Amino acid sequence: MSNFESFTAWLVDFYNFRIVLQYADQIAAGLWNTLFAAGASLVFSLIFGTLLAFARRSGNALIWRPADAYIQFIRATPLLIQIYLVYFGLPSLLPFTGRWPELWLGIMALTIHTTPYMAEIIRSGINAVPKGQIEGAMAVAMSPRQRMQYVILPQAFTNTLPALLGQTAILIKDTSLLSAIAVFDLLNAGLLLNSERVRPKEGFLTVAAIYLAIYAVLVVVSRRVELKLGGAAWNRRPA
Amino acid sequence: MLTNNAASSGPAIVVEGVTKTFAPIGGGARCRALDHVSLTVAASEVVVIIGPSGSGKSTLLRTINALEKVDEGRIVVAGIEATSPKANLQTLRMGVGMVFQHFNLFLHKTALENVMLPQIIVRKKSRAEAMEISKAFLDKVGVLDRGDHYPGQLSGGQQQRVAIARALAMQPQVMLFDEATSALDPEMVGGILDLMAEMAADGMTMVAVTHEMRFARSAADRVVFMDGGTIIEQGAPEDIFDRATNERTRKFLSQIH
Amino acid sequence: MSTSALQVAISVMPALMAGLVETLKISAAGIVVGSALGLLLGVIRGQQFRYASPAIGFYLHVLRGTPFLVQLYIAYFVLPSTGISWLKWDSTTAALVALSIYTSSYVTEIVSGGIRAVPAGQWEGAMACAMNRWQSLRYVILPQALKLILPSLAGVYVNLIKATSIVSVVGITELTRQGEISILRFPADVLLIYGIVAAIYFSYCFPALKAVEWLERRAARGS
Numbered sequence: 001m002s003n004f005e006s007f008t009a010w011l012v013d014f015y016n017f018r019i020v021l022q023y024a025d026q027i028a029a030g031l032w033n034t035l036f037a038a039g040a041s042l043v044f045s046l047i048f049g050t051l052l053a054f055a056r057r058s059g060n061a062l063i064w065r066p067a068d069a070y071i072q073f074i075r076a077t078p079l080l081i082q083i084y085l086v087y088f089g090l091p092s093l094l095p096f097t098g099r100w101p102e103l104w105l106g107i108m109a110l111t112i113h114t115t116p117y118m119a120e121i122i123r124s125g126i127n128a129v130p131k132g133q134i135e136g137a138m139a140v141a142m143s144p145r146q147r148m149q150y151v152i153l154p155q156a157f158t159n160t161l162p163a164l165l166g167q168t169a170i171l172i173k174d175t176s177l178l179s180a181i182a183v184f185d186l187l188n189a190g191l192l193l194n195s196e197r198v199r200p201k202e203g204f205l206t207v208a209a210i211y212l213a214i215y216a217v218l219v220v221v222s223r224r225v226e227l228k229l230g231g232a233a234w235n236r237r238p239a
Numbered sequence: 001m002l003t004n005n006a007a008s009s010g011p012a013i014v015v016e017g018v019t020k021t022f023a024p025i026g027g028g029a030r031c032r033a034l035d036h037v038s039l040t041v042a043a044s045e046v047v048v049i050i051g052p053s054g055s056g057k058s059t060l061l062r063t064i065n066a067l068e069k070v071d072e073g074r075i076v077v078a079g080i081e082a083t084s085p086k087a088n089l090q091t092l093r094m095g096v097g098m099v100f101q102h103f104n105l106f107l108h109k110t111a112l113e114n115v116m117l118p119q120i121i122v123r124k125k126s127r128a129e130a131m132e133i134s135k136a137f138l139d140k141v142g143v144l145d146r147g148d149h150y151p152g153q154l155s156g157g158q159q160q161r162v163a164i165a166r167a168l169a170m171q172p173q174v175m176l177f178d179e180a181t182s183a184l185d186p187e188m189v190g191g192i193l194d195l196m197a198e199m200a201a202d203g204m205t206m207v208a209v210t211h212e213m214r215f216a217r218s219a220a221d222r223v224v225f226m227d228g229g230t231i232i233e234q235g236a237p238e239d240i241f242d243r244a245t246n247e248r249t250r251k252f253l254s255q256i257h
Numbered sequence: 001m002s003t004s005a006l007q008v009a010i011s012v013m014p015a016l017m018a019g020l021v022e023t024l025k026i027s028a029a030g031i032v033v034g035s036a037l038g039l040l041l042g043v044i045r046g047q048q049f050r051y052a053s054p055a056i057g058f059y060l061h062v063l064r065g066t067p068f069l070v071q072l073y074i075a076y077f078v079l080p081s082t083g084i085s086w087l088k089w090d091s092t093t094a095a096l097v098a099l100s101i102y103t104s105s106y107v108t109e110i111v112s113g114g115i116r117a118v119p120a121g122q123w124e125g126a127m128a129c130a131m132n133r134w135q136s137l138r139y140v141i142l143p144q145a146l147k148l149i150l151p152s153l154a155g156v157y158v159n160l161i162k163a164t165s166i167v168s169v170v171g172i173t174e175l176t177r178q179g180e181i182s183i184l185r186f187p188a189d190v191l192l193i194y195g196i197v198a199a200i201y202f203s204y205c206f207p208a209l210k211a212v213e214w215l216e217r218r219a220a221r222g223s
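Chains as they are written, first to last, in the numbering used here: chain A, 1 to 239; chain B, 1 to 257; chain C, 1 to 223.
In case anyone wonders, no lab produced these hints; they're calculated from the structure.
None of these values were measured; they are calculated from a predicted model.
Each hint should be verified, as a subset may be incorrect.
[Claimed, not checked] With a cut-off of at most 30 angstroms between alpha-carbon atoms, the simulated BS3-like pairs for lysine-lysine come out as follows:
id, chain 1, residue 1, chain 2, residue 2
1, B, 109, C, 147
2, B, 125, C, 147
3, C, 147, C, 88
4, A, 201, C, 88
5, B, 124, C, 147
6, A, 131, C, 210
7, B, 135, C, 147
8, A, 201, C, 210
9, C, 25, C, 88
10, C, 147, C, 25
11, C, 25, C, 162
12, B, 124, B, 69
13, A, 228, A, 131
14, B, 140, B, 109
This is chain A alone, in the form it adopts within the complex (with noise of 0.2 angstroms):
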């Protein structure tokens, strides 16, 4: 054999790409279900992120007191148990639920987890926001509600976005977890592959690559965000 054939053979025997390629449709069929279940996550979690913030930043104790006590029970329990909880726990409360995709059932468990994360990053941008910003729409006698939507929560969310997107990141990896409920995300592709043709190299290191990959993305955008808002005057304290 020549040496670029043995190098070849080698190649393919520590990894045969060969047999990746022949699994391209499945994992892309389990790419596509991580970045919906995750873009649904995110979309959903944001929304109720911002609902919660206000809940914990309101004075009044009948409702900050739970927020805060939803909020203190995701950061100290594992991810993979809330996830049981929502996919074991809601069919024996309402059975209709039992029919449901577990890929429904996975959106739902990363967004009740990862929306008192969004909830707290947006609520320390809300602190952030300068009270000369709040004290100049009163000026204009702009309303509570006005001021939220048009003043605060704007500067809220580009003073965040770089932990937003970190956030982000993490629920890019969150959604692995899903394969222990038997949704067919990236890495159930990857354990397909194994258990099947019992080649762990093509199974996890592509997977890894692809997590990675995505990772990657994010890091790129979130350096331009960073970039942008380093340079946008709006946000620049008056000399």
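The hints should help you fit chains B and C onto chain A, whose structure is shown.
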């Protein structure tokens, strides 16, 4: 006596053709912080360096104890070639004491411990010996009663005195002062300058970067004016302050006075 | 109905407690090894070494960009398959390796961040007093960095405890797995049993999180 300088033959500091270039991080033109600078300091000589900010005077000072590396040139301090790749920097720095604008006292140690620490670690003294030596030097700079205070509990002037004691306790041949009074409130500046003048009178070889012109006039043997990374003019204090020959020197001095 | 719930709870508790003990054991091992590795890497990354610091940065990105479960499967399936003999370990060792590396990635960041937060003047003061790099680190920089590092380390510990629940998928009988096994005995009480498991994790992690907040407040006050 604050110092213990045996007369040594040959100059204390030799700086020959030293060049240092900085490359700005974001790109852009490289800047010559030092451009073929040469300077010789004799034993027990007191040299004061003046000049506008960005002139390279602090950078030059910091190359003498190798806190900054040079790109070209040669520096010899008390017989040790600082620029040689085989130079033992610890040995070099044992012979050169440095006092910083922002004191750089170890924040997690008391004043006494600040002076003791190098004695124990570097000069390998026992704890008891180190304490004795440190107390003596703290006494000489006048802050012995503050020995168990942390830097955060001391005024700027007191911190600088501790810093001077820490440097002097190393028994250096050369003392470097990098704008030692620039960060102090006006009423404390005089006390530090008096200490520096006392060291000079005792025969310590000193190089000081400062804006205090009266000190330069009274304590310096030689004044060096730097601008744009080079030495523009140097000479005895009267020669510089009263009869500077170079246009840039005169322009700088007129802005200061 | 409530008495039967109580009976179920009492019946599964011994197994769950055994699982908790296992959780504590593997998380203790994980934090020891992970902290040692993280301290070493963090000290290197916290300084300006030309090749080592970015290399460690790249390694950290790889760890942070992949899910822990994937890292666990790699430790469990891929590494033993490479043919290198000392990598052919059992599931418990695989789990420990994965947990240690996971912990070390957090610890590295925290330690390097703490070292960088110490003012540069402290390095200069130490070097001007003729201390070399390791003396400066040991006597001047690290003692000051530690005050910043310790509160964050407690937070890492909580993350580690939560990550131990994931090693249940490779069969380690820690708390989560014991919960799954107990459910096989009482399939009608899934919600109750997982609820108890959640409560056990909570009773352990919540005080730890409060301790983290208290430590961080104390560290902020001291500055």
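Evaluated hints:
{"no.": "1", "hint": "B/109 <-> C/147", "in the structure": "holds (14 angstroms)"}
{"no.": "2", "hint": "B/125 <-> C/147", "in the structure": "holds (29 angstroms)"}
{"no.": "3", "hint": "C/147 <-> C/88", "in the structure": "violated (40 angstroms)"}
{"no.": "4", "hint": "A/201 <-> C/88", "in the structure": "holds (15 angstroms)"}
{"no.": "5", "hint": "B/124 <-> C/147", "in the structure": "holds (28 angstroms)"}
{"no.": "6", "hint": "A/131 <-> C/210", "in the structure": "holds (29 angstroms)"}
{"no.": "7", "hint": "B/135 <-> C/147", "in the structure": "holds (29 angstroms)"}
{"no.": "8", "hint": "A/201 <-> C/210", "in the structure": "violated (41 angstroms)"}
{"no.": "9", "hint": "C/25 <-> C/88", "in the structure": "holds (22 angstroms)"}
{"no.": "10", "hint": "C/147 <-> C/25", "in the structure": "holds (27 angstroms)"}
{"no.": "11", "hint": "C/25 <-> C/162", "in the structure": "holds (13 angstroms)"}
{"no.": "12", "hint": "B/124 <-> B/69", "in the structure": "holds (27 angstroms)"}
{"no.": "13", "hint": "A/228 <-> A/131", "in the structure": "holds (23 angstroms)"}
{"no.": "14", "hint": "B/140 <-> B/109", "in the structure": "holds (20 angstroms)"}
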